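Participant: Sequence:
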Amino acid sequence: MSNEATKITTSGEASLEHRPVDDKPLVLVVEDNEWVQDYVKKIFEGEYRVEIAEDGVVATEKLVTLTPDLIILDIMMPRKDGNEVFTEIKQDPRLASIPVIMFTAIASEENRLDGLERGADDYIGKPFNPRELLARTRNLIQLRAQERELKALNNDLEEKVQKQVSLIVAERKRYEDELIAARDRSEASDQVKTIILRNMSHEVRTPITNVLGFAEILKDRVSEDDRPFMEYIESNSKRLLETVTTILDYSQLATNSFELHFSLVSLRQIVQDAHSRFKHAAEAKGLSLEIIDNEGQSAEIVVDRTAMDSMLNQIIGNAIKFTNSGVITIDAGVHSDSVFIRVKDTGVGIAEEFIEKLFEPFQQESVGEGRNYEGTGLGLAIAKRMGELMGGDVKVASTQGEGSCFTISLPDIRSLRAHSAELRGDRLPVQRDSPQEQEQKETPAARDAAADAA
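Residues 0 to 453, numbered by numbering that gives the first Met the number 0, are exactly what the sequence shown covers, in order.
Please note that the accuracy of each hint is not assured.
Derived Cβ-Cβ restraints for the label pairs, each shown as a range [unchecked claim]:
{"hint": "1", "residue 1": "177", "residue 2": "293", "range": "54 to 60 Å"}
{"hint": "2", "residue 1": "172", "residue 2": "117", "range": "47 to 53 Å"}
{"hint": "3", "residue 1": "154", "residue 2": "60", "range": "26 to 32 Å"}
{"hint": "4", "residue 1": "172", "residue 2": "60", "range": "49 to 55 Å"}
{"hint": "5", "residue 1": "141", "residue 2": "86", "range": "24 to 30 Å"}
{"hint": "6", "residue 1": "282", "residue 2": "360", "range": "28 to 34 Å"}
{"hint": "7", "residue 1": "91", "residue 2": "181", "range": "56 to 62 Å"}
{"hint": "8", "residue 1": "282", "residue 2": "401", "range": "20 to 26 Å"}
{"hint": "9", "residue 1": "399", "residue 2": "174", "range": "46 to 52 Å"}
{"hint": "10", "residue 1": "164", "residue 2": "195", "range": "43 to 49 Å"}
Calculated pairs, EDC-like style, for lysine to aspartate or glutamate (alpha carbon to alpha carbon, straight line, at most 20 Å) [claimed, not checked]:
{"hint": "11", "residue 1": "23", "residue 2": "44"}
{"hint": "12", "residue 1": "61", "residue 2": "91"}
{"hint": "13", "residue 1": "61", "residue 2": "80"}
{"hint": "14", "residue 1": "394", "residue 2": "330"}
{"hint": "15", "residue 1": "278", "residue 2": "308"}
{"hint": "16", "residue 1": "41", "residue 2": "131"}
No lab work stands behind these hints, which were simulated from the structure alone.
Small disclaimer: the values here were computed from a predicted structure and weren't measured.
For each residue, glycine too, the CB sits at the ideal point set by N, CA and C.
All chains, please: the whole structure from these sequences, using the hints.
Facilitator: Right, dumping it as structure tokens:
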């Protein structure tokens with residue numbers, strides 16, 4: 000058989016690994032000297048199984064089916080020398096990891112180094128010491144056994160890790176699917192809430208505003224004896240309308256269904272309109288409601304006008320409610336990079352320990368003998384949230400017994416004035432009053448209702 004025809008590996012499934020039933024390590028000895036063959040067999044007897052290949056060609060044929068634990072390879076052999084066989088072994092992926100001890104009678108240091116540099120695991124010269132051969136063989140076989148064990152453990156670990164990763168991925172996918180389903184359910188629920196709130200806004204507020212309108216008309220047509228009853232109907236209808244409006248606004252804010260329309264409006268107009276809405280209510284209580292005018296009020300600001308009016312209604316209404324005598328001032332202008340509207344009163348003030356809870360929903364401070372003022376406790380929470388939605392904030396400074404000062408601050412976006420035409424068309428979703436409600440707001444009764452305390 001020629002060297003060209005002889006190859007260690009075979010293609011595909013023909014390259015099968017033959018492992019004898021005996022579990023002792025297998026050593027392939029490639030040696031052309033029969034005396035050395037027998038001597039090595041005797042050295043390894045009882046500890047290793049030994050397979051003999053008389054030369055390189057036979058070794059190549061045997062390695063097609065054998066996978067020994069170690070190869071002892073003589074360099075000087077007829078037909079195919081050890082160097083050529085060694086090269087073929089290292090080029091075969093199935094055999095490349097098998098340790099090889101090079102055997103030679105050439106006691107050249109250069110030859111030994113050349114063999115080690117090419118990948119030989121050890122190098123023993125002839126004649127050799129049998130104890131040395133046995134010791135080196137044991138060390139290499141043990142090392143290979145440990146490498147195989149480590150590889151098996153590594154493969155087992157990789158398999159376990161892969162299984163665990165697959166479980167984690169599957170669990171994460173399940174969790175993400177649940178989150179998506181929960182989000183979809185939440186969005187569907189929010190849509191239902193939004194529809195219900197919009198329907199309630201029309202179905203609840205419209206009848207109340209109609210009652211107010213008719214009460215105002217009939218008040219001047221009834222007898223003096225009946226007039227107090229009409230006034231009672233009117234005042235309580237106002238209170239009911241304000242309570243319903245407050246609850247609906249808060250519900251919309253809580254469900255993220257409160258929507259805004261931004262437009263460019265005059266700061267002075269906002270302040271003057273608020274003063275007009277509350278002037279009569281303040282006078283009825285013996286209070287003076289004043290505007291502190293300044294050049295800053297000529298500014299134009301980008302806000303949702305309805306939300307802005309609602310914030311001022313809550314704050315000024317509270318100022319009137321909690322002030323028994325004195326003055327309430329409305330100040331507005333531009334400071335640094337923000338626009339402010341400030342409402343200051345000379346009322347009962349707020350206890351320091353209560354201030355941090357003031358903007359939380361359903362919070363009311365007890366004043367005098369444990370009595371609470373009327374209201375839902377939602378007004379300031381609504382005002383603060385609306386301010387935040389418009390990019391601003393509402394803050395308070397107060398001293399109990401001296402009064403309070405509420406400040407609405409909003410971003411100064413007057414630089415957008417050049418784009419005012421675009422801003423007037425720039426819309427965020429908003430819940431608007433129905434035409435009937437808007438018409439009712441223009442009546443004197445509705446304007447007075449805005450001034451009632453929350």
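Participant: The structure should be examined with respect to each hint, and the outcome stated for every one.
Facilitator: Here's how the hints hold up against the structure:
Taken as a hint, the range 54 to 60 Å holds for the pair residue 177 and residue 293, whose Cβ atoms sit roughly 57 Å apart. Between residue 172 and residue 117 the CB atoms are about 51 Å apart, so this pair conforms to the stated range of 47 to 53 Å. Separation of residue 154 from residue 60 is about 31 Å and conforms to the stated range, judged on CB atoms against 26 to 32 Å. For the hinted restraint 49 to 55 Å between residue 172 and residue 60, the CB-CB distance of approximately 53 Å keeps it satisfied.
Hint check: residue 141 to residue 86, Cβ distance near 26 Å, so the stated range 24 to 30 Å holds. Taken as a hint, the range 28 to 34 Å holds for the pair residue 282 and residue 360, whose Cβ atoms sit roughly 31 Å apart. The supplied range of 56 to 62 Å is met by residue 91 and residue 181, whose beta-carbon atoms lie about 57 Å from each other. For residue 282 and residue 401, the Cβ-Cβ distance of about 23 Å falls inside the hinted range of 20 to 26 Å, so the restraint holds.
About 51 Å separates the C-beta atoms of residue 399 and residue 174, a value consistent with the hinted range of 46 to 52 Å. The given range of 43 to 49 Å is respected by residue 164 and residue 195, whose C-beta atoms sit roughly 46 Å from each other. As the CA atoms of residue 23 and residue 44 are separated by approximately 11 Å, the hinted pair is consistent with the 20 Å bound. Restraint check for residue 61 and residue 91: satisfied, since their Cα atoms lie roughly 14 Å apart, inside the 20 Å limit.
At most 20 Å may separate the alpha-carbon atoms for a hinted pair to count; residue 61 and residue 80 meet this at roughly 15 Å. A C-alpha spacing of about 15 Å is found between residue 394 and residue 330, which places the hinted pair at or below 20 Å, so the restraint holds. With a C-alpha separation of about 15 Å, the suggested pairing of residue 278 with residue 308 holds against the 20 Å cut-off. Only pairs whose Cα atoms come within 20 Å are accepted, and residue 41 paired with residue 131 is accepted, the gap being roughly 14 Å.
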